[in-house]
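Protein chains: 2
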Amino acid sequence: MTLTDTRLTGHRATLDQALEAIRTRAYWSPHPEHPKAYGESAPAEGLAAFEALKGTRFDLDQPGTDGWAGAEISPYGPELGIEYPHIDPDVLLPAMRRAVPAWREAGPERRALVCLEILARISARTHEFAHAVMHTSGQAFMMAFQAGGPHAQDRGLEAVTYAYLEQTRTPETADWSKPQGKRDPLKLHKSFTTAGRGIALVIGCNTFPTWNGYPGLFASLATGNPVLVKPHPRAVLPLALTVRTAREVLAESGFDPNLVALAAEHPGEGIAKTLALRPEIKIIDYTGSSSFGDWLETHARQAQVYTEKAGVNTVLVDSTDDYRGMLSNLAFSLSLYSGQMCTTPQNLLIPRDGIPTDAGHKSYDEVVNDLAASVGGLLGDDARANALLGALVNPDVKARLDGAAELGEVALPSRRISNPDFPDAVVRTPVIVKVDAAVPESESAFLTECFGPVSFAVAVDSTDAAVELLRRTIRDRGAMTVGAYTVSEKTERAVEEVCLEESAQLSLNLTGGVYVNQTAAFSDLHGSGGNPAANAALCDGAFVANRFRVVEVRRQA
Amino acid sequence: MTLTDTRLTGHRATLDQALEAIRTRAYWSPHPEHPKAYGESAPAEGLAAFEALKGTRFDLDQPGTDGWAGAEISPYGPELGIEYPHIDPDVLLPAMRRAVPAWREAGPERRALVCLEILARISARTHEFAHAVMHTSGQAFMMAFQAGGPHAQDRGLEAVTYAYLEQTRTPETADWSKPQGKRDPLKLHKSFTTAGRGIALVIGCNTFPTWNGYPGLFASLATGNPVLVKPHPRAVLPLALTVRTAREVLAESGFDPNLVALAAEHPGEGIAKTLALRPEIKIIDYTGSSSFGDWLETHARQAQVYTEKAGVNTVLVDSTDDYRGMLSNLAFSLSLYSGQMCTTPQNLLIPRDGIPTDAGHKSYDEVVNDLAASVGGLLGDDARANALLGALVNPDVKARLDGAAELGEVALPSRRISNPDFPDAVVRTPVIVKVDAAVPESESAFLTECFGPVSFAVAVDSTDAAVELLRRTIRDRGAMTVGAYTVSEKTERAVEEVCLEESAQLSLNLTGGVYVNQTAAFSDLHGSGGNPAANAALCDGAFVANRFRVVEVRRQA
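These protein sequence lines map, in sequence, to chains A and B.
Heads up, the first sequence is in full-length UniProt numbering, so the first residue is 1 and it goes up one at a time.
Heads up, the second sequence is in full-length UniProt numbering, so the first residue is 1 and it goes up one at a time.
Honestly, I wouldn't trust all of these hints.
In this list, chains with the same sequence are indistinguishable; a pair is considered to hold if it fits within one copy or across any two.
[As the list claims (entries may be wrong)] DSS-like, lysine-lysine: derived pairs with alpha carbons at most 30 Å apart: (1) K178 with K36; (2) K273 with K36; (3) K282 with K187; (4) K398 with K490; (5) K490 with K54; (6) K178 with K282; (7) K398 with K182; (8) K187 with K36; (9) K398 with K273; (10) K182 with K36; (11) K273 with K187; (12) K398 with K178; (13) K282 with K182; (14) K187 with K398; (15) K36 with K398; (16) K273 with K54; (17) K273 with K178; (18) K54 with K36; (19) K187 with K490; (20) K54 with K398; (21) K282 with K36; (22) K36 with K490.
Since the hints were made in silico from the structure, they are not lab data.
Given the structure is predicted, the values throughout are model-derived calculations rather than measurements.
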């Protein structure tokens, strides 16, 4: 099959809408969130497609395949039993490099349109991807569908859009004529070509394989770089499906499919470290632990390294004119995907003397107990709890949850939930632990990222003390998100100042259906790139501008 | 004196023209190149102003001034005898940080307009700056005037323009409304603020203090960062004048003058190393040796580091249809400022069997001898030679020139020129040394940067061998410029491919009044940022995009 030009150029309108969206930052998405939007047969077909993959060898017809690897076990229980290509980089990387010249010559617009076709094909298979994401990340189905499907596709498209915009600010050609008084002007004909830097490596994560993988993957591909995808060993399938789709579209559009390839690994092999130091690798995108992110930044000096690492997210609670709204909003934020989001609040800073609210003054204990009750109410029904919490993604998260009780006084204990469809799934409600900022031993606990369904109700001396603790937390530990509840203009301004100075994204007084841990592509920035939690933001000009270089050729006219 | 809003907003038209220029890359500059354009009294006033500075203490009224430093001696002979503030960073850096909030709140447009006013004031004093540049860099007056004046101001304005553009792609505010079917839409009000990263450090160079200093200085300032300027100890005055002008304009526009400050140093003190590792320093711009550039990239991990380092520039000579034009163009490129430009060609790759030209076949020896004669003719008249060559900037350059004869067979010996105005100036014509690429011992000589008036006529087996040597040179040694002369489409294509793959800026068949070592702001890129000679290009989006972060605050609407 060959892709028609009409099919590709048909995506130009979407690209134009995306360009407009990142300019206005108004709401926009071409990818529907509702499962029903994908057609009546889509749910059954998606499930069947996913089931058919189980126990198979996922061949991608890649050069340099020297074996097969894969041992994914769903956090919901079932083994996937899928084998993926293991690579010999000495064969695959040169093959990927050979694919570059034609991709470079295609230019920014054609590259963008091919990327949009890849995303369109992924979008059409969103139900299949949803099951793949669910059974690797442990997300509940609806979240896997939305965050792993349309939201991830949005972030991919956003990256393509920024890449296109940044590459096209310099014209392809220019005629330059410099006046010389009475003499003839000096004249030059100039051409400007965007050229990728080399092979890009995407190192995927366990919890959001597509959402965190797509921005780097599409930013690098759209800027002319081949992309090697090294998925997390527990979350290979969503990215393997992505790679297969990309290779199909590339081949059908007349490009070398080796522009996108997969590198699976044997248990404990740690190929990310080896690949990251290869001289051919010029760009690395990574989501995961701070220790490996810092290692990459320090050692992979031949590459541009974009990292999203650990952070400690804070919500400062000063006052509110919607106490119930605040509690229910926070309860949802703490519960969603069992707190296994890099954006989930960890520390709730509450003045020990309590806070003024529309429901009267509330003491520290009242706020904590009311929040605990709110979480309890939200997750009281097991079906609803399962739909919100999903499953714990791995034993490390469970171990942290189990250890949380020792870190302070438990205000809300974690509860075990049964999942009738998947009896082996480890489903737990979040724990809330009371700690006191004035107790030095507590600090090491609440100022360390405790990834998973653990949050700390931190008693602070005052709102001023909370603002200073917030500043220190962002500066020293990093933060993907900051939230604050206050009716005081002065406090609002102080929190804003801290976020401006320490570079963190702030959500103020969320009491409705938007949550601090959710961001919308084309409008919200994910991370700031200016604090220790991440060295890049999704998505801005800086995320794409250094993935390519502009090469000028000038000739006398 | 207070700057009126009218004066500042008057620069908006210039900013708009600059925005248009970087979009079209057609010729444009608001800064006249001809000394006469600055008014009849400007030359005398400029000279007088420069002379009046000699032997004085250059006070900038900076906090944390703990002493005075300065020992500049003009490459033309005279001691400048000027003392500049030596800083206590523990006092100055906190003062600079305190200046940030108001500068951030001013927003991208006002920051740009203030930067344009600084540039306009510098422009008005171009004659004074020309003498300052001449007597620190050793450039001849006309070059010091043009490269140190309008061309440097152009590069500064270009950086401001990119900074403005990059900061304004995200709107200041956005209203976001997400449909929820039959329910009310989710609504948020969002604000987006560009915030600098912290204090920027500019480490100046000896040869082009303003031209190489302005891009980083203005890019950082325009993106909201205070800028600490650490000039080269031999070239303090041009940047001290710049800092004084900036501080005046900042104060008059109601900002803290400590947004721009100077750090002079005692001989051998090496304060760049200390300053570069201060936690307050978040951005570093550096032009100079590869060893210190690499050190900065490796050790100043808390900062974004932009470096321009050493490289080996190549001109590939394959064939020409304008032999005389080629020779005279190359002769000028080798002679200008005694080859002391980072863009001067070093290696001329010439097939050992000679080349076809419009004047018949020319053997390797004929090409070399004709080029030598062309340089000799160009510099035959001492007055013209002085005007083109300037003076050797420091004893290291002279030592390299003196040692060049040992590196191969001298095709054109260097000649000593007397400067009647400055008898102590060290003025030398360039040397051309014949080497053979097939002789392994030669390689270490011609593949090492030999900064100064030394070039190598490298005999190569064939044009194909030259193309491969060019590739290896760029990849391993870096290159700020590449030139080629060829009438063959195949060779042209091959050289272009190498430049695209190895990321180097190429000039083809220059035979007239444009030279491979000159680039024009708003149109030509200086360096590519994609090979070892520099990790950034002047100027593109990547040069500015990571100097600031965008902080979002979202509120329920």
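A quick look at each hint next to the structure:
1. Taking CA atoms no more than 30 Å apart as the test, K178 paired with K36 passes between copies only; the shortest distance there is 18 Å, against 61 Å inside one copy.
2. In this homomeric assembly, K273 and K36 never come within 30 Å of each other (Cα to Cα): the closest approach is 42 Å inside a single copy and 61 Å across copies.
3. Taking identical chains as interchangeable, the C-alpha atoms of K282 and K187 are never at most 30 Å apart, the minima being 36 Å within one chain and 41 Å between chains.
4. Neither within a single protomer nor between protomers do K398 and K490 lie at most 30 Å apart by alpha-carbon distance, with minima of 40 Å and 64 Å respectively.
5. With identical chains, the CA atoms of K490 and K54 are never at most 30 Å apart, being 57 Å at best within one copy and 52 Å at best between copies.
6. In this assembly of identical chains, K178 and K282 lie within 30 Å of each other by CA distance neither inside one copy nor across copies; the values are 37 Å within and 38 Å between.
7. In this homomeric assembly, K398 and K182 never come within 30 Å of each other (Cα to Cα): the closest approach is 81 Å inside a single copy and 39 Å across copies.
8. Proximity of K187 and K36 under a CA criterion of 30 Å is satisfied inter-copy only: 24 Å between copies versus 60 Å inside one chain copy.
9. Taking the shortest alpha-carbon separations for K398 and K273, only the intra-copy value of 27 Å comes in at or below 30 Å, while the best inter-copy value is 47 Å.
10. Taking the shortest Cα distances, K182 and K36 sit within 30 Å of each other only across copies (16 Å), while inside one copy they are farther apart (72 Å).
11. Taking identical chains as interchangeable, the C-alpha atoms of K273 and K187 are never at most 30 Å apart, the minima being 50 Å within one chain and 44 Å between chains.
12. In the homo-oligomer, the alpha carbons of K398 and K178 never lie at most 30 Å apart, since the shortest distance is 69 Å inside one protomer and 35 Å across protomers.
13. Taking the shortest Cα distances, K282 and K182 never come within 30 Å of each other, neither inside one copy (49 Å) nor across copies (48 Å).
14. In this homomeric assembly, K187 and K398 never come within 30 Å of each other (Cα to Cα): the closest approach is 69 Å inside a single copy and 36 Å across copies.
15. For the homomeric pair K36 and K398, neither the shortest alpha-carbon distance inside one copy (34 Å) nor that between copies (77 Å) is at most 30 Å.
16. Proximity of K273 to K54 under the C-alpha cut-off of 30 Å is restricted to the intra-copy arrangement: shortest distance 29 Å within a copy versus 57 Å between copies.
17. Taking the closest pair of Cα atoms, K273 and K178 never come within 30 Å of each other, the shortest separation being 51 Å inside a single copy and 42 Å across copies.
18. When the C-alpha separation of K54 and K36 is checked against a cutoff of 30 Å, the pair qualifies only within one copy, where the shortest distance is 25 Å, while the shortest distance between copies is 80 Å.
19. With identical chains, the CA atoms of K187 and K490 are at most 30 Å apart between copies only, with a shortest distance of 24 Å across copies and 59 Å within one.
20. With identical chains, the CA atoms of K54 and K398 are at most 30 Å apart within one copy only, with a shortest distance of 26 Å there and 72 Å across copies.
21. For the homomeric pair K282 and K36, neither the shortest alpha-carbon distance inside one copy (41 Å) nor that between copies (49 Å) is at most 30 Å.
22. In the homo-oligomer, the alpha carbons of K36 and K490 never lie at most 30 Å apart, since the shortest distance is 46 Å inside one protomer and 56 Å across protomers.
Hint violations for this structure: numbers 2, 3, 4, 5, 6, 7, 11, 12, 13, 14, 15, 17, 21, 22, all remaining hints satisfied.
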